[in-house]
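> Given next are the chains, with one letter for each unit.
Protein chains: 2
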Amino acid sequence: MNFVEKTIGKKSIYEGKIINLNLLKVKLPNGKESNREIVNHPGGVAILTYKDQDTLIMVEQFRKPFERMVLEIPAGKLEKGEDPETCGKRELEEETGYKSKNFNYLGKIITSPGFCDEIIYIYEARDLYKGRDDIGDEDEFINLKEIKIDRIKDMIKSGDIEDAKTVSSFMFI
Amino acid sequence: MNFVEKTIGKKSIYEGKIINLNLLKVKLPNGKESNREIVNHPGGVAILTYKDQDTLIMVEQFRKPFERMVLEIPAGKLEKGEDPETCGKRELEEETGYKSKNFNYLGKIITSPGFCDEIIYIYEARDLYKGRDDIGDEDEFINLKEIKIDRIKDMIKSGDIEDAKTVSSFMFI
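Residue numbers (the UniProt record's numbering), protein chains in the order written: chain Y, 1 to 173; chain E, 1 to 173.
Quick caveat, the hints were computed from the structure, so don't treat them as lab data.
The reader is advised that the hints may include incorrect statements.
Copies of the same chain are indistinguishable here, so a pair counts whether it falls within one copy or spans any two.
[Claimed, not checked] Derived lysine-lysine pairs resembling DSS-like cross-links, with alpha carbons at most 25 Å apart:
id, residue 1, residue 2
1, 101, 25
2, 6, 25
3, 80, 99
4, 101, 89
5, 64, 10
6, 157, 51
7, 108, 157
Start from the sequences and build out the full structure, keeping to the hints where you can.
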């Protein structure tokens, strides 16, 4: 059964650099009315990056919502009109300095479907070779980490890996 | 290296029923200033729910940001002051009608650390028994689905399972 919530009103709260926020009024399947706070996000790409068959390259960066460093697979937001594969190859080189001879689409996830339309496209990058020397774009500060694949289950259980796109990407290994 | 972004300004954009939006001005490690659009979310709980050792109970519900039904493990938001375990047991019964004699904490994920502070605590529920008969809270409309665990990898690859907390929870199986 498809429980459609019909939009009967919409108010723009904020249009930002990365996200927009809209307040929707909806009609529920039982005829009652309710509000939905919806964040629009451009979406992004995350790249399972293989240094070799047993080792992933991950990035650690400061995440302001948590006021601390978070360990993630390389990732980035889609620019306007950019296709996910182009975005993924750009972010891979920006964040790790590597290009890939074997770059493949794995699947996609939605990060928080209750309130946000963000989609993250997941790719794998294998057969890496050196691209640019400097990593991070101008205002991005990154530590690179090499993580053995046989450690990731333990790192998830211990909380050392907690980022959902990163944890999700491991289901494609 | 810890690349702290120091908050040097904060403006509240929206205080809503579920989320708040703040615009922060930060000082980057290179001394430059930048803005961060930060969504505050109460966080939630998701429950890997075992009908039997080979079968999960999942829920399908309409997700307004995508304008369609999405298949997820049972989950819900933390109410103010509620501890995650209480929330998980409450949501399990509200969404599936079941209680569990074997309810265990598995770990946690952060859904979108670039802009949102949402944390989802993941539990497993085993040894189910019948609780309430009606499912869904008053304004919640849910289809229950039984999914065989040996199908989940294929369902992720095909896009039939795409919700990040759901995909992430399978790394705890």
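> Please go over all the hints and tell whether each is borne out by the structure.
Checked hints:
In this assembly of identical chains, residue 101 and residue 25 lie within 25 Å of each other by CA distance neither inside one copy nor across copies; the values are 48 Å within and 39 Å between. Taking identical chains as interchangeable, the C-alpha atoms of residue 6 and residue 25 lie at most 25 Å apart only when both belong to the same chain, with a minimum of 8 Å there against 37 Å between chains. With identical chains, the CA atoms of residue 80 and residue 99 are at most 25 Å apart within one copy only, with a shortest distance of 22 Å there and 46 Å across copies. Only within a single protomer do residue 101 and residue 89 lie at most 25 Å apart by alpha-carbon distance; the minimum there is 10 Å, versus 48 Å between protomers.
Proximity of residue 64 and residue 10 under a CA criterion of 25 Å is satisfied inter-copy only: 13 Å between copies versus 29 Å inside one chain copy. In this homomeric assembly, residue 157 and residue 51 come within 25 Å of each other (Cα to Cα) both inside a single copy, at 23 Å, and across copies, at 23 Å. Within a single copy, residue 108 and residue 157 get their C-alpha atoms as close as 23 Å, and across copies as close as 8 Å, so both meet the 25 Å cut-off.
In summary, the one numbered hint that this structure violates is 1.
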